[in-house]
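Colleague: Here's the letter readout for the chains.
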Amino acid sequence: MTLADIARHLNIPVRGDDAIAVRGLATLKDAGPDQVAFLANRAYLKDLASTRAAAVLLHPEHAKECPVACLETANPYVGYAQLSQLFDPMAVARLEAGVHPSAIVAEDAVLGEGVRIEANAVVGSGAMLEDRVVIGPGSIVGADSRLGEESHLHANVTLYHGVVIGKRAIMHSGCVIGADGFGFAHDGAGWHKIAQLGGVILGDDVEVGSCSSIDRGALGDTVIGNDVKIDSQVQIAHNVHIGDHTALAGCVGIAGSTRVGRHCMLGGGVGLSGHLTLCDGVQVTGMSLVTNSIHTPGVYSSGTGAMTNQQWRKNAVRFKQLDEMAKRLARLEKRQLG
Amino acid sequence: MTLADIARHLNIPVRGDDAIAVRGLATLKDAGPDQVAFLANRAYLKDLASTRAAAVLLHPEHAKECPVACLETANPYVGYAQLSQLFDPMAVARLEAGVHPSAIVAEDAVLGEGVRIEANAVVGSGAMLEDRVVIGPGSIVGADSRLGEESHLHANVTLYHGVVIGKRAIMHSGCVIGADGFGFAHDGAGWHKIAQLGGVILGDDVEVGSCSSIDRGALGDTVIGNDVKIDSQVQIAHNVHIGDHTALAGCVGIAGSTRVGRHCMLGGGVGLSGHLTLCDGVQVTGMSLVTNSIHTPGVYSSGTGAMTNQQWRKNAVRFKQLDEMAKRLARLEKRQLG
Amino acid sequence: MTLADIARHLNIPVRGDDAIAVRGLATLKDAGPDQVAFLANRAYLKDLASTRAAAVLLHPEHAKECPVACLETANPYVGYAQLSQLFDPMAVARLEAGVHPSAIVAEDAVLGEGVRIEANAVVGSGAMLEDRVVIGPGSIVGADSRLGEESHLHANVTLYHGVVIGKRAIMHSGCVIGADGFGFAHDGAGWHKIAQLGGVILGDDVEVGSCSSIDRGALGDTVIGNDVKIDSQVQIAHNVHIGDHTALAGCVGIAGSTRVGRHCMLGGGVGLSGHLTLCDGVQVTGMSLVTNSIHTPGVYSSGTGAMTNQQWRKNAVRFKQLDEMAKRLARLEKRQLG
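Protein chains in written order, with the numbering used here: chain A, 682 to 1019; chain B, 682 to 1019; chain C, 682 to 1019.
To be clear, the hints were calculated from the coordinates, so they are not data collected in a lab.
This one's a predicted model, so the numbers in the text were calculated from it and none came from an experiment.
Backbone N, C-alpha and C fix where the C-beta goes; we use that ideal spot for every residue, glycine too.
Among the clues, some could well be false.
Distance condition first, Cα-Cα at most 30 angstroms in a straight line; then the derived DSSO-like pairs of lysine-lysine [what the hints assert, rightly or not]: (1) Lys710/A <-> Lys727/A; (2) Lys745/C <-> Lys995/A; (3) Lys1008/B <-> Lys995/B; (4) Lys995/B <-> Lys1008/A; (5) Lys1015/C <-> Lys1015/A; (6) Lys1008/A <-> Lys1008/B; (7) Lys995/B <-> Lys727/C; (8) Lys1015/B <-> Lys995/A; (9) Lys848/B <-> Lys1001/A; (10) Lys995/B <-> Lys1008/C; (11) Lys1008/A <-> Lys1015/B; (12) Lys727/C <-> Lys1015/A; (13) Lys1001/C <-> Lys1015/A; (14) Lys1001/B <-> Lys710/C; (15) Lys995/C <-> Lys1008/A; (16) Lys1001/C <-> Lys1015/C; (17) Lys1015/A <-> Lys710/B; (18) Lys995/B <-> Lys710/C; (19) Lys995/C <-> Lys995/A; (20) Lys995/A <-> Lys1015/C; (21) Lys1001/A <-> Lys995/C; (22) Lys727/B <-> Lys1015/A; (23) Lys1015/C <-> Lys1001/A; (24) Lys1008/A <-> Lys727/B; (25) Lys727/B <-> Lys1001/A.
Reference listing, derived: stretches of chain B covered by chain C, where coverage requires no fewer than 3 residues with Cβ under 8 angstroms from a Cβ of chain C [claimed, not checked]: (26) 922-931; (27) 1006-1015.
Produce the entire structure from the sequences given, and follow the hints as far as they go.
Modeller: What follows is the structure, encoded as structure tokens:
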């Protein structure tokens, strides 16, 4: 691949010798003469002058400072993302079609053109895999589940029955879609299981990280919008709705029936209680607990920052006295002003 | 199925035409004329008058306000749970017995009557599966493990060797029972692994959610009581004991050797330190950290609620000054009163 | 096995009859006359006088109080760890070599001597398994991955392509190594995936718990040092580096590009933000959030301890007023002193 090929793929101009051959991507600092680097964050501007890269993807404003060929674009980070796709060995387009002889595919499953099913995968009765779907080794597609065009289950993914996933989904290993929501009725002595009769629907361009869980609905469906990005170790309970373009970082937990808007971002380890509504454009910082609905876009937080354990012990004890302290403070004010 | 069939199953009376055919369950708002709805929460009483359901499962006190046939019961939520079971396509009773030809079952494994082993499952040497056990596709039953009657491992579940599970268990995909507890001895330079020689025992009617971990004991066993319900993404460390009828919501983590009583409820993301005792009837709200034993039933919490990041930054800084603030407050009081 | 065999294995002296046959390990309290017990914590000294064990592994200072044979060692906890290895049925050395006929092994995979590959495992093209590696049932080794001598993947482990793991690793079921890091570029309307082109490198003697995730790097590698011990349900994001001998308890989450030093210990549920540096010798207590780098060894904490929900509600409300309280306190002081 030459710089000219790359420029054509990104549909942007090259400044410099576009015949240079390129075999990969690297940071400004690490790139060798057959790699493309990028400048998407001013913090790395210091590395530009000394880069040995074949070319640098950057904003036109930095072109003059670039000692090598330039690929100029208004949003170099997006350019880097697009460029990275060219070098991904696991890209669906690069994998050969075919069903491995050890895979178990139900006779009535419907497979589109160019589908790839890898070793020891299992595709259940009535499942429908659209064109160019890839099912990784050991993955299970439950009965009557559907996967849209070019969706990719990596190894050891589990879809329960009746799960519906849109186009170009990427599901990482160990994730489980459509397990029972956590629903039980208590009779005073013990628990009665509530069968989870709803489904799970994921839109187009959804990515789910490794070992994440998205449960099926109790009656209605759990619904994940288009272009929702979900990291690893995330738990999404029954009947949750997530709006388009929202991103959930690792270890997030969302309790039942909560609705998260579009273009939201939840930091790592954030917990949302059940039956809440978060409007569009809400960001929650890492490890915050949200127990009330949020109706105004913005950034929200809870918790306290880390300090030495010695300091923390003293302050944490005072936290238990905080209401009493507030009352004593009010009393002092009253006396002084009275 | 008719309303009469349902009433017979729940052992409760129908008021109205019991010959109506029914094909499912729905909420009061969504139910069509071939679905049963339920009223278990006063918040939904507003939807009763306009429901189009075939019938409504409700407390007798609401029967007069119901525009359609009634299924009357003292605990409609439990009634709904029982009714939901009739419509669950994954109910063990609805699955056909038989061992899939691709399953690998050790010659000396003991299978009861009506056992079902699905594609690519592996059952180890000396394992014992009681009557009507179901092993989902890709699931692994370790050597010498035992599963009680009608227990159901969904797809891609892993049981290590020597795991003992009671009757009617439901184990969701990706859960792992019996992996090594986290035990290492430090010699001043590095770690020596402590082989985890204990086992894991789960009682009857236990449910474990997707991608949850229950580790085996170091010497003695990790013990989960009867009717314990465990959600997804939960971590239960070695030698933990959980009492009967306790429920653990998603993302709970319990450190080694802690004992949780009967009829406890831990909210999502709760963390319990090791070597604690929680008595019966303790509830802990979401994302609380418990570092001391609890000897009185009741509801416990820690942490702080979410606020805007702007407010939070100010308050979180003050938290680090809290002990100093408390001392200044005491000084002021002393001066004013002195 | 006799006490003499054990003493030879641990290379320590026996005091008492070394011909006694031993079949296992137990606590001082539970041990029977064919089990060895240990005293590694003064809290259990009270159980020493009444133990029925065959022998007790202990520090020489307690030998006089021991009613049975003694195995004396300066560090009885390390002795216990070493001894426990003798009784582990899953020890790699105890498992028979051989490839199960149902395993799918690529023709160009390279297998060392004594390799064991269990039922339905899948080993990809170009993978290299060094001597005595064990691949558990249903585990997947991605193309071009490498496993050092005596490494053991338990059942249903997933390694993506190009993962490099050192010697004597233990990877528990459901863990996923090398899934894509969570990287996306936003173009103002939605997300563009950044292909994760880096790798994952694990040193020697690493253990990874069940259902844990270690993501591959975006460009460079995610690097886990030697003798790093990782519990269950842990999330390690792309390009994280973890220093040698560090231990991460269950449910820890570490965001991208953070570097954790050597000999660190992170308690259960700890969260580290991205792009931080923690120096060697840092300990963080359970469920703390760390959002800034730490440059001084020591113990760090955040959060607040659990209290009754009634108390907590009052104090948590006051937390939201904390900055205002601090200002009022300062005003009072000024007036009183002014």
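Colleague: All the hints need checking, so say for each whether the structure fits it.
Modeller: Evaluated hints:
Taking the CA atoms of Lys710/A and Lys727/A, the gap is about 10 angstroms. The hint holds against a cut of 30 angstroms. Between Lys745/C and Lys995/A, the direct Cα distance comes to roughly 43 angstroms. Violation of the 30 angstroms bound is thereby established for this hinted pair. With a CA separation close to 20 angstroms, the supplied pair Lys1008/B and Lys995/B stays within the 30 angstroms bound. The suggested pairing of Lys995/B with Lys1008/A holds, with an alpha-carbon distance near 20 angstroms, which does not exceed 30 angstroms.
This hinted pair checks out: Lys1015/C and Lys1015/A have alpha carbons roughly 15 angstroms apart, not beyond 30 angstroms. Straight-line distance between C-alpha atoms of Lys1008/A and Lys1008/B comes to about 15 angstroms, which keeps the hinted pair within the 30 angstroms bound. Of the pairs offered as hints, the one joining Lys995/B and Lys727/C is violated, with about 51 angstroms between alpha carbons and a cut-off of 30 angstroms exceeded. Note on Lys1015/B and Lys995/A: the hinted pairing holds, with a Cα-Cα distance of about 21 angstroms set against a maximum of 30 angstroms.
Of the supplied pair hints, the one linking Lys848/B and Lys1001/A is violated, its CA atoms being roughly 44 angstroms apart against a limit of 30 angstroms. Between Lys995/B and Lys1008/C the CA atoms are separated by roughly 11 angstroms; this keeps the pair inside 30 angstroms, and the hint holds. Note on Lys1008/A and Lys1015/B: the hinted pairing holds, with a Cα-Cα distance of about 16 angstroms set against a maximum of 30 angstroms. Between Lys727/C and Lys1015/A the alpha-carbon distance is near 57 angstroms, which puts this suggested pair outside the 30 angstroms criterion.
Of the supplied pair hints, the one linking Lys1001/C and Lys1015/A holds, its CA atoms being roughly 21 angstroms apart against a limit of 30 angstroms. Only pairs whose Cα atoms come within 30 angstroms are accepted, and Lys1001/B paired with Lys710/C is rejected, the gap being roughly 45 angstroms. Of the supplied pair hints, the one linking Lys995/C and Lys1008/A holds, its CA atoms being roughly 11 angstroms apart against a limit of 30 angstroms. For the hint pairing Lys1001/C with Lys1015/C, the CA-to-CA distance comes to about 23 angstroms; that is within 30 angstroms, so the pair holds.
Annotation: proposed proximity of Lys1015/A to Lys710/B is violated, straight-line Cα distance about 54 angstroms (limit 30 angstroms). For the proposed pair Lys995/B and Lys710/C, the alpha carbon gap of about 53 angstroms is over 30 angstroms, so the pair is violated. Taking the CA atoms of Lys995/C and Lys995/A, the gap is near 19 angstroms; set against the 30 angstroms cutoff, the hint holds. For the given pair, Lys995/A sits about 25 angstroms from Lys1015/C by alpha-carbon distance, which is consistent with the 30 angstroms threshold.
For the suggested pair Lys1001/A and Lys995/C, the alpha carbons sit about 9 angstroms apart, so the restraint of at most 30 angstroms is met. At most 30 angstroms may separate the alpha-carbon atoms for a hinted pair to count; Lys727/B and Lys1015/A exceed this at roughly 48 angstroms. For the proposed pair Lys1015/C and Lys1001/A, the alpha carbon gap of about 27 angstroms is at most 30 angstroms, so the pair holds. Among the hinted pairs, Lys1008/A with Lys727/B is inconsistent with the structure: their alpha-carbon atoms are about 42 angstroms apart, more than 30 angstroms.
The straight-line distance between the Cα atoms of Lys727/B and Lys1001/A is roughly 41 angstroms, outside the 30 angstroms bound, and the hint therefore fails. Coverage of the segment 922-931 of chain B by chain C is violated [criterion: at least 3 residues with CB-CB distance below 8 angstroms; count 0]. Taking a C-beta to C-beta cut-off of 8 angstroms, the segment 1006-1015 of chain B contributes 4 residues in contact with chain C, enough for the three needed, and the coverage statement holds.
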